[in-house]
Amino acid sequence: MNRRASRGLAEAVTVVVAAVVAFPLYWMALTAVKPEAEVISADPRPWTLAPTLDSFTRALTVQNFGRYLLNSVVVAVAVVLLSLLISFLAATALTRFRFRGRTTLLIMLLVVQMVPVEALTIPLFFLMRSVRDVAPVFGLNHLGSLVLVHLAFSLPFAIWMLRGFVAAVPVELEEAATLDGASRFRFLWQVLFPLVAPGLVATSVLSFIHAWNDFLFAKTFIISAAENQTLPLALQVFVKPDQNDWGAIMAGSTLMTIPVLLFFILVQRRLVAGLAGAVKS
Amino acid sequence: MRTAKGDGRIAFAYLAPALLVLVGLMGYPIYQLVLISLFDYGQEQVSGGAPLTFLGLGNYTALLSDARFWAVLGQTVGFAAVCVAGTLLVGAALAVLATRVRTWARMTLFLAALGAWATPTVAGSTIWLFLFDANFGFVNEVLGTTGLSWTYDKWLAFGLVAAQVIWCSFPFVMVTLYAGIKSIPGEVLEAAALDGASTVKTTTSVILPLLRPLLIVVTIQSVIWDFKVFTQIYIMTNGGGIAGRNLVLNVYAYQQAFAASEYGLGASIGVVMTALLLLVTLGYLRALRRSGEVL
Numbered sequence: 002m003n004r005r006a007s008r009g010l011a012e013a014v015t016v017v018v019a020a021v022v023a024f025p026l027y028w029m030a031l032t033a034v035k036p037e038a039e040v041i042s043a044d045p046r047p048w049t050l051a052p053t054l055d056s057f058t059r060a061l062t063v064q065n066f067g068r069y070l071l072n073s074v075v076v077a078v079a080v081v082l083l084s085l086l087i088s089f090l091a092a093t094a095l096t097r098f099r100f101r102g103r104t105t106l107l108i109m110l111l112v113v114q115m116v117p118v119e120a121l122t123i124p125l126f127f128l129m130r131s132v133r134d135v136a137p138v139f140g141l142n143h144l145g146s147l148v149l150v151h152l153a154f155s156l157p158f159a160i161w162m163l164r165g166f167v168a169a170v171p172v173e174l175e176e177a178a179t180l181d182g183a184s185r186f187r188f189l190w191q192v193l194f195p196l197v198a199p200g201l202v203a204t205s206v207l208s209f210i211h212a213w214n215d216f217l218f219a220k221t222f223i224i225s226a227a228e229n230q231t232l233p234l235a236l237q238v239f240v241k242p243d244q245n246d247w248g249a250i251m252a253g254s255t256l257m258t259i260p261v262l263l264f265f266i267l268v269q270r271r272l273v274a275g276l277a278g279a280v281k282s
Numbered sequence: 059m060r061t062a063k064g065d066g067r068i069a070f071a072y073l074a075p076a077l078l079v080l081v082g083l084m085g086y087p088i089y090q091l092v093l094i095s096l097f098d099y100g101q102e103q104v105s106g107g108a109p110l111t112f113l114g115l116g117n118y119t120a121l122l123s124d125a126r127f128w129a130v131l132g133q134t135v136g137f138a139a140v141c142v143a144g145t146l147l148v149g150a151a152l153a154v155l156a157t158r159v160r161t162w163a164r165m166t167l168f169l170a171a172l173g174a175w176a177t178p179t180v181a182g183s184t185i186w187l188f189l190f191d192a193n194f195g196f197v198n199e200v201l202g203t204t205g206l207s208w209t210y211d212k213w214l215a216f217g218l219v220a221a222q223v224i225w226c227s228f229p230f231v232m233v234t235l236y237a238g239i240k241s242i243p244g245e246v247l248e249a250a251a252l253d254g255a256s257t258v259k260t261t262t263s264v265i266l267p268l269l270r271p272l273l274i275v276v277t278i279q280s281v282i283w284d285f286k287v288f289t290q291i292y293i294m295t296n297g298g299g300i301a302g303r304n305l306v307l308n309v310y311a312y313q314q315a316f317a318a319s320e321y322g323l324g325a326s327i328g329v330v331m332t333a334l335l336l337l338v339t340l341g342y343l344r345a346l347r348r349s350g351e352v353l
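Chain order of the listed sequences is A and B.
When you read off a place in the first sequence, starting at 1, and then add 1, the result is the number in our numbering.
When you read off a place in the second sequence, starting at 1, and then add 58, the result is the number in our numbering.
Hint data in this document are derived by calculation from the structure and do not stem from the laboratory.
Some hints could be false.
[To be verified] Distance ranges between label pairs, derived from CB positions:
| # | chain 1 | residue 1 | chain 2 | residue 2 | range |
| --- | --- | --- | --- | --- | --- |
| 1 | A | Ala43 | B | Ala318 | 37 to 47 Å |
| 2 | B | Gly202 | A | Asn3 | 54 to 64 Å |
| 3 | B | Val92 | A | Arg270 | 17 to 27 Å |
| 4 | B | Ser207 | A | Asp134 | 38 to 48 Å |
| 5 | A | Val172 | B | Thr119 | 38 to 48 Å |
[Unchecked claim] Derived BS3-like pairs: lysine-lysine, alpha-carbon spacing no greater than 30 Å straight-line:
| # | chain 1 | residue 1 | chain 2 | residue 2 |
| --- | --- | --- | --- | --- |
| 6 | B | Lys240 | B | Lys259 |
| 7 | B | Lys286 | A | Lys220 |
| 8 | A | Lys241 | B | Lys286 |
Every residue gets a Cβ at the ideal spot worked out from N, C-alpha and C, and that includes glycine.
Put together the whole structure using the sequences plus the hints.
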């Protein structure tokens, strides 16, 4: 087979694979705009004759979806901002300075990534229960508890990943900045921070997804304050044995997926560069 | 790297916030987890209605002598193995495919993969459930198997969940490996071509060795993720399947603790899981060392 034909074949395969991979998302969006009768038809069509926003209306009005969407955004944004700030400082410390216990700390960071989050739900539940009396915002039934937990679980990975990016910035640059009279602090925020941007983007995407996807902690920590629930849990209220409102579930799923998808598309170039950077380092 | 005096103090200041969060929300809970696993800790003890009884290794002996635990452990390992193998095969194959096509086709594939990757786990699990729904599912319609419940049979249910897990986790492997292949300098491949190396030879003796560290990283990451799958199992099999047939370790731990109020027993399952994953981590560290990563 000549080169062109083999490339053509490869491209045909690629397109088919892409279609299969994207199909569940297409089906989600399609179901969300189908009228109810079409959704629960025994022979579902892969298109719709009468698109409608009824399912979205049901999802948004009946179940107060807007509030849950807001909660999810608040948690995810707080986790991303805090983890960027804290992991950048920590990664700088771990690459720019030599101090006793540095290697041990690095190994610890790697090891704690392996600890199954699910196992820690039990002690964390008790911890949040006692925090409730001291600082209610970070205790059970409050969004703060989710922020804290996700922050803790995204930090080790974020630090580990950013380390490579910080290390890649030449030390001479810092020396030059110091000679020009820039303080260490100014160097950190005005030179180093922008230079590790691809790394920051990649880590923020990963911590965003982490917080946005969480089902377990929201389920465990937000027990009696329904108004503080996040999207993954809110979606579950439509699921009832044998009478699922599939239209509303798919509309809710669509609303939940759109922000992440937008975020991904916005940063995709930098994300690939970030992963490649992490790989090279 | 600077080694000036006073570095230690500044380094500590930079590290302080991270350490505070990690010690408070990971270190302390790990210690607590081990502690709880040594007690008979049930609903009565939680509400303060009964005193705590120290069991020592009692929860562990109960666990290890329970046939159910071994069954769940076996299922967890088997399920994770299938997911890891599937994710790596699909991810690697598509990464290679992506290097062989023009930009428009690659972008199409990457966009689709980005979509699968971006889909929140809960949404993804629900979509797959609907696609495979017994009565209204598109898959049954296409296969002509209307009425077939994919989540009823134990192995069909595991297979369905595994397919969903692979769907949402292959993009990471694909993008990472693609980036890795792209970062191999063109000269290296040209040199191989000049030496008359075949495609297979180039792949096995030039590309694969160069990608080895990366392959190790994505493999271990996948092992860790797939060993810990929670949401998909919980949602797609409705909390672990009929009579708990589709339980994996962490869903089992969660159910023992929060559904059966056996916090001590749940914690001991968590400790066993952590120990198993730490073994994997040790292997990971050794692999990193051998591949020349400097810590």
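Quick rundown of the hints versus the structure:
1. Roughly 39 Å separates the CB atoms of Ala43/A and Ala318/B, a value that falls within the hinted 37 to 47 Å.
2. Between Gly202/B and Asn3/A the CB atoms are about 40 Å apart, so this pair departs from the stated range of 54 to 64 Å.
3. Hint check: Val92/B to Arg270/A, Cβ distance near 45 Å, so the stated range 17 to 27 Å is violated.
4. Separated by about 47 Å at the C-beta atoms, Ser207/B and Asp134/A satisfy the suggested range of 38 to 48 Å.
5. The beta-carbon spacing between Val172/A and Thr119/B, approximately 55 Å, falls outside the hinted interval of 38 to 48 Å.
6. Pair hint Lys240/B plus Lys259/B holds up; C-alpha atoms about 18 Å apart against a cutoff of 30 Å.
7. The suggested pairing of Lys286/B with Lys220/A holds, with an alpha-carbon distance near 17 Å, which does not exceed 30 Å.
8. For the suggested pair Lys241/A and Lys286/B, the alpha carbons sit about 26 Å apart, so the restraint of at most 30 Å is met.
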